[in-house]
Amino acid sequence: MNAPTDRDLILRARRGDAEAYGDLVARHQTSVFNVCYRILHNRADAEDLAQETFIRALDRLHTFDLEREFSPWIRRVAANLCLNHLDAHKPSAALDEERDEDNTQGPGEQVEVKERSEQIRSALASLPSHYRVVVELRHYQELSYDEIASELDIPLSDVKSHLFRARKLLAEKLHAPD
Amino acid sequence: MHLTDHISDVQLNEYLDNEIANRAEIEAHLDSCDECAARLFAFQTLFADLDSLPEVTLSTDLAARFRPRPSLPAQLPRWLTLTASLQAAAALVALIVAIPFFSIMLPQVELPSFTTWLFEIQSLWTSWLNTLSTFQLPITQFPNLATYPVELSTLFIALAIVSIFWLFGNGLLLRNRHS
Chain A
1 MNAPTDRDLI
11 LRARRGDAEA
21 YGDLVARHQT
31 SVFNVCYRIL
41 HNRADAEDLA
51 QETFIRALDR
61 LHTFDLEREF
71 SPWIRRVAAN
81 LCLNHLDAHK
91 PSAALDEERD
101 EDNTQGPGEQ
111 VEVKERSEQI
121 RSALASLPSH
131 YRVVVELRHY
141 QELSYDEIAS
151 ELDIPLSDVK
161 SHLFRARKLL
171 AEKLHAPD
Chain B
179 MHLTDHISDV
189 QLNEYLDNEI
199 ANRAEIEAHL
209 DSCDECAARL
219 FAFQTLFADL
229 DSLPEVTLST
239 DLAARFRPRP
249 SLPAQLPRWL
259 TLTASLQAAA
269 ALVALIVAIP
279 FFSIMLPQVE
289 LPSFTTWLFE
299 IQSLWTSWLN
309 TLSTFQLPIT
319 QFPNLATYPV
329 ELSTLFIALA
339 IVSIFWLFGN
349 GLLLRNRHS
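Chains A and B are the protein sequences, given in the same order.
The first sequence: position 100 = 100 (this note's numbering), numbered continuously.
Just so we're on the same page, this note's numbering is the position in the second sequence counted from 1, plus 178.
Keep in mind that the hints are not guaranteed to be accurate.
[As the list claims (entries may be wrong)] Below, in silico cross-link-like pairs of lysine to aspartate or glutamate (EDC-like), each with a Cα-Cα straight-line distance of 16 Å or less:
#, chain 1, residue 1, chain 2, residue 2
1, A, Lys160, B, Asp229
2, A, Lys114, B, Asp227
3, A, Lys114, B, Asp229
4, A, Lys173, A, Glu118
5, A, Lys160, A, Glu147
6, A, Lys168, B, Asp227
7, A, Lys160, A, Glu142
8, A, Lys160, A, Asp146
9, A, Lys114, B, Glu233
10, A, Lys160, B, Glu197
11, A, Lys173, A, Glu115
12, A, Lys168, B, Asp187
13, A, Lys160, B, Glu233
14, A, Lys168, B, Asp195
15, A, Lys173, B, Asp227
These are calculated hints, taken from the structure and not from any lab test.
From just these sequences and the hints, can you work out the full model?
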């Protein structure tokens, strides 16, 4: 039997089927968590915000346009929540030292990949919150400039400048000569 | 844009993001300008770095919170409940009808009355208290270990009371766990 589509699960969840919403969460929880983790760079906060994202989404599920894809929508909700969280909280929480796993390579290469990933995450975490979210929406959610402007309710010129400055800063941190 | 002018970083960003109109013009310049091509390559490397970030796995299952709790043990079907009630009612009627027959057939059995039974419990309780008040540990009388300072029947009653409390307490715990 074919697995139910997101649309089927949303329709069932709208009728109060908690099991269906649980299935929808299980399907998208990793990608939503990764959005939060890329922006917050703190596992505990990222899990809390991912949970919060699904709670908000459940509240707004009746307004969700079924003609659109659920995944981009829920990830944008997550990015917005993270931005609000960063604006509301000073970045005092200790950032995670977690290293990324890649089991497809040998031990030496794995260490290299982990270190590089950690450098990238640290560089992202060092950006101002608005830059971080613009990078997330452009690079990982592949939104156009217009879509980012609309999502964050900022002028198009701000999107361009945020993105450009964010990339400049990232390049300085990641490609600086040792 | 003249081919002799260098492409700005903003334009390079827009070019990589497919957000610029004059792509052909930019590409023509990049073909002929090593400096702009090098800056484009630097941005492309950054993009590749960002794309290379692997996904991190969750340590908890967020979906569990949204799923319904495990349901209580399924209730018996209504017809079975009714049958059980009917059986109980029939057994009660049969007992009432049978009592006179039993009283005729078993005249020799004499059950103690309720007051006798209560009196017996009270005397047992009194003797239990008396025993407790005079109880002392034997010092060197090891040979007398076989003689019990407390009557066995009293111990059984105490054990029964403790068991009743134990069953009642566990019943409450189980009920609270399911609710």
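So, going through the hints one by one against the coordinates:
1. A hinted pair counts as satisfied when its Cα atoms are at most 16 Å apart, and Lys160/A with Asp229/B does not qualify at roughly 20 Å.
2. In summary, the hint linking Lys114/A to Asp227/B is supported, as the alpha carbons are separated by about 12 Å, within the 16 Å threshold.
3. For the given pair, Lys114/A sits about 14 Å from Asp229/B by alpha-carbon distance, which is consistent with the 16 Å threshold.
4. Distance check on the hinted pair: Lys173/A and Glu118/A sit about 12 Å apart at the alpha-carbon level, within 16 Å; holds.
5. For the given pair, Lys160/A sits about 12 Å from Glu147/A by alpha-carbon distance, which is consistent with the 16 Å threshold.
6. Among the hinted pairs, Lys168/A with Asp227/B is consistent with the structure: their alpha-carbon atoms are about 14 Å apart, no more than 16 Å.
7. At roughly 14 Å between alpha-carbon atoms, Lys160/A and Glu142/A fall within 16 Å of each other, so this suggested pair holds.
8. Of the supplied pair hints, the one linking Lys160/A and Asp146/A holds, its CA atoms being roughly 10 Å apart against a limit of 16 Å.
9. The hinted pair formed by Lys114/A and Glu233/B meets the criterion: a straight-line CA distance of about 12 Å does not exceed 16 Å.
10. For the hint pairing Lys160/A with Glu197/B, the CA-to-CA distance comes to about 10 Å; that is within 16 Å, so the pair holds.
11. Between Lys173/A and Glu115/A the CA atoms are separated by roughly 14 Å; this keeps the pair inside 16 Å, and the hint holds.
12. With a C-alpha separation of about 9 Å, the suggested pair Lys168/A and Asp187/B falls inside the 16 Å cut-off, and the hint holds.
13. Under the criterion of a C-alpha separation no larger than 16 Å, the hint pairing Lys160/A with Glu233/B is inconsistent with the structure, at around 27 Å.
14. Taken as a hint, the Lys168/A and Asp195/B pair is honoured in the structure, with Cα atoms around 15 Å apart against an allowance of 16 Å.
15. Of the pairs offered as hints, the one joining Lys173/A and Asp227/B holds, with about 12 Å between alpha carbons and a cut-off of 16 Å not exceeded.
Of the hints listed earlier, those the structure fails to meet are numbers 1, 13, in rising order.
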